[in-house]
Amino acid sequence: MTAQEMPVPMLTPRTRRPPNWLEAWLGHDAYRTVKGLVTNPISVIGLVLLALFIFIAAAAPILAPPLDSNDPYRIPRDGYGAVPKPPGTAWKVRQPSLPFWWKAVTGKDEWVHLMGTASGQWDIYYGVIWGTRTALFAGLTITLVGVIIGVFIGAISAYYGGWVDMILMRITDLFQAFPFLLTAMTLSAVLTPRLGKGLLAPMIALIVFSWMGFARLLRSDILSLREREYVLAARVIGVRDSRILFRHILPNAIFPTLVLASMRIGSYAITFAGLSFLGIGAEVGFADWGQLLSFARDWMTQLGEYWYIVMFPGITLVLFVLSWNLVGDALRDVLDPRLQGSR
Amino acid sequence: MVNYIIRRLIAVPFLLIGVTLLIFLMLLALTPTERTALYVREIPKNDRVLAGIIKKYGLDLPWYEQYWRWLFGTTVTNTENGVVTEERVGGILRGDLGYSRTASQPVAELLTRRFPATLELTLYSVIPVIAGGILLGVIGAVKHNKPIDHIVRIFGIVGWSFPDFVFGLLLLMAFYAGTGWFPPGRVSDWANKIIMSPEFHNYTSLITIDAVLNLRFDIFFDALRHLVLPVISLAYLWWALTLRVTRSSMLETLRQDYIMTARAKGLSEHAVIMQHALPNALMPVVTLSGGTVVGLLAGVVIIETVFNYPGMGAAAARAASQLDVVTELAFVLFNGLILVLANVVVDILYAYIDPRIRLD
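So the sequence lines, in the order shown, correspond to chains A and B. Heads up: the first sequence runs through residues 0 to 342, numbered per numbering that gives the first Met the number 0. Heads up: the second sequence runs through residues 0 to 359, numbered per numbering that gives the first Met the number 0.
If you are wondering where the hints come from, they were derived from the structure by calculation, not from laboratory data. One thing to keep in mind: the hints can contain errors.
As the list claims (entries may be wrong) - Output of the computed footprint for chain B on chain A, the stretches with three or more beta carbons under 8 Å from beta carbons of chain B:
1) 187–193
2) 264–272
3) 275–287
4) 300–309
5) 321–331
Just so you know, even glycine gets a beta-carbon here, dropped at the ideal spot from N, CA and C.
When you get a sec, could you build the whole thing from the sequences and use the hints?
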């Protein structure tokens, strides 16, 4: 019997299950990732929390109709009194329009401070609701831009190697030699007079010192791929450098970097809130959780009485960070099954 | 080993030059008027006087000349009542870091006055972080997937998600606002009076140690009472991180073949874990520990502000919120120095523990 005559064994796919519509649409790997995320209880908690925050951010104008729709991030204030008022106190002056659901839910006609007011009568509820947008925007933007810079530098460094790699990595070392928070504060203080008081200065400051981790991780992942046969093959047939890098290597090397990014969003949100807690960032009255919390500093000895200044924005911030961390954790477990449950 | 240390040390001066260059770059982003704070106490309102000062200290020169002057200082001539005197001013290497507008004193003085308080806070935090984190991490790994492991894991994730300032404020709410047990600040007023008085000797400027040396145990306990909350809020975050790293590294190690061998030859579980697994599992923790010390020093910025603790961090936070860049940059320089040196120490320590590193 010659080789040609050998009966060809029926190739039975390991899974007989035909791909369902979602798998067909997403492709196998992405489907596996999504499936892993929605079947892991920890990540489900994270995803639900995250969905809640995205809902709050999207529905902010309905949940808390702003006083001035041109400047919705400005927290409305009920007078100028110094002493905070507890949750449930009725609005007295400059009341924003009543949200339509309020009457349906409570049957009352008057709008109250749902979460009380902070010193200066800034309404905490408005700050928490609109602050969700600020936190999402800041966390996502800082991480996204940081990843882009990191990917760019890491990819170039790894692919070209030699002195390019040497110089870029020494620059990375240098940026890592700085104490992160302190330097970001300083850069923010340098930028504020030039860019104006707002979100931009602290965000740029955080971005400038956020890309190094991504660059290093991607570099090491690319280095392990660079000498693979398929890359050599592409090089032999004369594919351009940039095409090899961006079409052949990057898609295979980028996943760990993306996982790291998802795990960093939470900590950048913390740092950003921390900066505004210290009074670096948006002006007073801008809807931002860190800033709401900084009002508590005026009442250090009476926090038992004015608990709502700390509790509402504080717990919101914790849940926000927790949601990203849970999702990031689960994502890592799914993408690197070897690590399952080890962290 | 010597070879490795030399190779590692050669990089240090370059890194330091880089750090100073980058800091100077931030200084250059300021206008010459703002940079006068490096040399004069108050920025003059009068334009002609201002231009004179900019000229005098060379704040309009090319960047490399300014960088040189910033590093080594500059010699200026003062003409007062017809008498011409020469004076050497500035120069961060001469210890002249400029004048802090927010603290109303020279920055170098501010740093030396504030540093002991921060050092004290950090020292008290390091030990519980590293020891406690390792202990919990090992327990979590050894009891993998048992209830205690789940508790440790949840603590790790939740702890890592808890912003330090929120945690600090909650602690203040629970243990100060109602009860007055653990007040903010560094010492009580009565203790501060004694510390300031001439009969109290400041040997180290670390109040808890000085108090013991002066045999004033009431002050010792008072200072300790003030340290409890900041230490906890500073430590728990790194605690969570240390335990996560220890746990995952320990799990990884326990899966190795040589551990199976150790068990197979009949060693007690205690010996397997303590003598065979732990030393190898602690490698990543050593790297992390260097980061922890530095991270704690950075974390004080927020924690000291929350607890009104008169350390370096609180001063830095105040300076930053009032855009006092000259003071800020001095703090960055100081902490950057510590960071660079700490990393060298950790690297050398690491090579000492793990011979594989040296052979690279």
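Hint check results:
1. For a cut-off of 8 Å, the count of residues in the region 187–193 of chain A with a CB near a CB of chain B stands at 7, and the three-residue condition holds.
2. Residues of the region 264–272 of chain A lying with their CB closer than 8 Å to a CB of chain B number 3, which satisfies the three-residue condition for coverage.
3. Note: the region 275–287 of chain A has 4 residues with beta-carbon separation from chain B under 8 Å; the three-residue rule is met and the coverage holds.
4. Residue count for the region 300–309 of chain A with a Cβ under 8 Å from a Cβ of chain B: 7. That meets the three needed, and the coverage hint holds.
5. As drawn, the region 321–331 of chain A meets chain B at 4 residues by the rule of a beta-carbon pair under 8 Å; at three or more, the given contact holds.
The earlier numbered hints are all upheld by this structure, with none contradicted.
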